[in-house]
Amino acid sequence: MPGEVLTPARRELTRTAVETLARERQEPDWLVNLRLRAFDVFDRLPLPDQRTEGWRRTNLRGLSFDELDLSQPPELTVRGGAGASVLPLSLALADSRLAPRLEAHLAQVVATDLDKFVALHYAFSTAARVVVVPRGQAVAEPLWLTWQASGAALVHTLVLAEDGSDVSLVEEFVGGAQLASGVVEQVLGANAHVRYVQLQRWAPEVWAFSTQHAALGRDASLRTLNVVVGGRLSRTAIQTVLEGQSAQVDLLGIVAAEGTRHVDLQTLQDHRGSDTRSDLVIHNALRDRSSANFTGLIRINPSAYRTESSQEQKNILLSDRARADSDPKLEILNNDVIRCTHGASVGPVDPESVFYLESRGLDRPTAERLIVEGFYQSVLRRLGAPALEEAIWAVLGESELAA
Amino acid sequence: MAVKAQDLSKDYKYGFSDPEQYAFKSRRGLDREIVEQISAYKKEPEWMLQFRLRALEIFGQKPMPTWPAAHLEEIDFQNIFYYVRPSENNAENSWEDVPSYIKDTFDKLGIPEAERKFLAGVSAQYESEVVYHSIREDLTKQGVIFLDMDSALREYPDIVKEYFGTVIPAADNKFAALNSAVWSGGSFIYVPKNTQVEIPLQAYFRINAENMGQFERTLIIADEGSRVHYIEGCTAPVYSSDSLHSAVVELIARPGSHIRYTTIQNWSNNVYNLVTKRAVAYEDATVEWVDGNLGSKVTMKYPAVYLLGPRARAEILSVAFAGAGQLQDAGGKVIHAAPDTTSTITSKSISKDGGRAAYRGLLKVARGATRAKSFVRCDALLLDQESRSDTYPSIEIDEERVDIGHEASVSKVSDEQLFYLQSRGLTETEAKTMIVNGFFEAFTKELPMEYAVELNRLLALQMEGAIG
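Line by line, the protein sequences are chains Z and L. Under this note's numbering, think of the first position of the first sequence as 1, with each following residue one higher. Under this note's numbering, think of the first position of the second sequence as 404, with each following residue one higher.
Okay, chain L solo, but in the shape it has when bound:
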């Protein structure tokens, strides 16, 4: 028998929350005064204040995206805290200085463990400000900058000013405008020419206060011939009223560079996750988005790559798991704007317990992007009768000499597969979990092992929740 939707949240692994202790918290709501307050509190340069205020205006003017299934009209922008600062001391550079209640949270998330073993640098976003941050010495020696965005704005104002908002202008969409007005935290990475960052850089993100929006802003610049892999994992505690997460992520891949950006997101079931992610790739550069979407109430996220230089390459791998009451509207966009550019988009989605997963994509080949090659592959798995899967790929081709293909399929777990696995001694749940893991394998095999293990555990948890 199927256990109902709400029961899942009880088992939610990271569904704890700490008592709130904040050094500074803006009042609820959004207006000019709040934006000025945030900027003043952070002692930002004048141009950033002006950027924020212009974005706020744009936010006010832009209509709400109308898509009935997402119920975005339920978001009450005046009932959100736009800025929360957890403690007085920012950017602790050693673990000892981190306040103990925050440490507790990180312990539950396993950060120190992961750091000792594996991490090059940790920039864990607790609420709206980065509180913990370290970079291994060799990275610093290589000239790699890995900071939270607020520190970067203070320490490297010229680089930030040059690139901030250039890939995703505030006017791009309503939620990008909102982020531009109230952003806080996020990561800033600059990798110098011909520098290979061998180990992934990683940050944890977390929402901890009821009704508190999180508007982090990430900017990664990979200079010519460099290589970097950035990983973000998101968890959030379960709360009764709706939270909003609206991030903006900008990637700039200079000629010959390689950026991989991996996300595993596991927001709790009340979070609206509306994220704008976009990369530009110049000559011979490669950008890879590896994007895993579990959890949240509504996710609308379409990582994009603009291939602006010859032979630039994009790869988007997106997986989504939509459980009870969830809408996963994910996908990818690739714009081919130069000759000999190539791209692949692979999407895998699972819908279960009445969840709804959608692939929404755009593949565009501009005139002049001769010999562009692209393949889009979407697979969907429906686990029960109540769930729904939608596929909306959009293909716009303005150039003759191209090779464009798209394929999609929808399937269910076949009785034959289940019967076979059960005949080998597995329970139905184990069998289904195994099939789901197999379905997602293309994604998990791209992850560092720790993440793959965690993802498989999360999937197992999601599967157990449903089958009693």
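Looking at chain Z on its own, in the form it has when it is part of the complex:
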């Protein structure tokens, strides 16, 4: 634009900018091409609107890419996790043993053309970490990654949990990103056990998008917990593919929304191998004029014999202006099902419980707070790792979860 002065670091959302970025980072051809393909998708796709499948209840009015600052990737602080390696993508690519595996897995779990935000992510992400947990390695102390952002936060996390490994990984997002579009790809080898926790604590004005997919090998297990307490609009899409025989998934979620925040959770429990199990538990508590949407699908494919699967999605409405929508869906293509159930509920804090606590001398706000805490705790406990649960609870504190 004539007369406009760009700061040198400012990147435009153009194909040339993608090429420049990849060249500066000396990325291999396959990655450059991947970025360019992603950019073309980003460029081609319109912003999803409420007629777009999967976005019907997500209102993106007011979202713009015009002022997006791609020059400041978020800063990362790493704690714990001895035994696992956390490498920036550029370093991982320089490792000759790791490089071929990156080519095999990067953008293979979450495809580049999934939606406009994922495409944007792949085209411009410079905050990518590769977490490798070596074969047979049990990581005792949780690996805690804290991302602090101010510009665009395009954080990519690729987890390679090798056969027989065991790790707890927490990703925490804080600060005032303009827009966050994160992608988490997890590849679990045979008998690998991963607990993945994402704490979404963005400032209240952030548009937050997160896409998390995982592929599970034989006898692998994944417990994934998403805690959403921040952002202006938060959309988290989680897909787990239970490929290997006897793979197990617990898909957990805790949502605390206030103000006019909208929280959208989209989940898929995709059973392909036989004897697999997946259980989803998502509890939302909504205040003020906040709203939540849950769209979850259990798909039991013809190849998935003896599946056990469930969805439990509960909403507590703490204000008469809050709103909750719930679409728990089942698609069953195999009749040899051990268990396939889903349940959803919406309502206020149980008046009987409040009455009971009040009769014990508590005032009403305290009683409601305790009930909501219990509602969250019942999800948190399903992580099955008491020390980790405590650490998460301490971080979230009362201010964020039960204000």
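Please keep in mind that the hints were generated in silico from the structure rather than gathered at the bench. Since the structure is predicted, the reported quantities are computational estimates derived from the model, not experimental observations. Misleading hints may appear alongside valid ones.
Derived list of chain Z stretches under chain L, where covered just means 3 residues or more per stretch with a C-beta under 8 angstroms from a C-beta of chain L [stated by the list, open to error]:
hint, stretch
1, 311–319
2, 329–339
3, 346–359
Glycine included, every Cβ here is placed at the ideal spot set by N, Cα and C.
For this one, chain Z is given, so just place chain L on it according to the hints.
Just chain L now, kept in the frame of chain Z:
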């Protein structure tokens, strides 16, 4: 060993057809001229012609619903007869005047039998026009109007004009628009204030001509404090090319009234059954949809209740049986728009021989509908490895003080159950039939006995077809 899909149609109970004898049959296809012809032939008032023409326009503008599994694009709207009139004399009021070839058909369906024993009034829709109709005298004395829709339009034009298309406007969906443009037949019922219709009113529906669509239109108005139960049963002969059934049913439950609408549908396996059913319930009124879906090629049907007055109540009971090559996409919708309204939706579906059954529902609580209570329960039974079951409940809650629950489960016939029943001397087929009957019991126990017996027979037939 499993017998293949097509064999089932051989056993299809009502899969006979009579030689065609029609007094009037429109040419194939759909355009302005056809619609004008239908309206002129029926000597309709101008407002109805205008209603039809507007609907035709809307039909042309509305896109086809896109749902790949239903293959709706296979419907060739230009290859359908939109209006067929079976005989010159309409609305015979005694059995003797009914043409004998039609009587034969009804004999096979058992109507005279049922009437003698049980029925209050019969309004059997043979093709697109009602040809037989009777109301017991006491009903007439009570002031209950039970007519075919065409007669109602002639005899009670003011009431029809006041309510027709008010619950389901032509623009509601593409198939409602189609029905609005070419509708013919169906029932009209008006129950005056505080009148209890003790015995169910009933109509049989039937398609008899190849490629002939059936677009009946039913409107029931229950005035304050009244009560009525309407039953429709559908059968159709088997034909090689696809038939289309696209009905519109509107129910208006005034304050304190009670309407129950029972459907047992058993279309032959080539029928597209795309029906829009909706009720409005005012203060203290109750609407119950009891909906059984067997047969057809594709059924898409989601009876709806709008709870518009305080303490209004909705109950939807939907069962579906999807056999080979069939898609049963059924469900229910309830909109809570007033305080203290309650609803329950119970859905039971069975899939067999590669059939696909889906529950698709909507439960919506609008702001201000305080203390709304609702429970949605979906159970699915998969009888073999090739079949499929889908559940798509949709819940939208805009109000805090509500009590909303939803549960669904999917199961198969367990080996333990089968083993137990077989150890008691039942064959595998008998055992499975018994389990299926038990699964549907919540539905069958809501039916008048004759229907329950017939349904159980139909289920047994469906089960036998599959297991050799």
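Tested hints:
For the stretch 311–319 of chain Z, the proposed coverage by chain L is satisfied: 4 residues have a C-beta within less than 8 angstroms of a C-beta in that chain, meeting the threshold of three. Counting residues of the stretch 329–339 of chain Z whose beta carbon lies closer than 8 angstroms to any beta carbon of chain L gives 9, which meets the minimum of three for the stated coverage. Given a C-beta distance limit of less than 8 angstroms, the hint that chain L covers the stretch 346–359 of chain Z holds, as 3 residues qualify and 3 suffice.
When the structure is compared with the earlier hints, no violation turns up for any of them.
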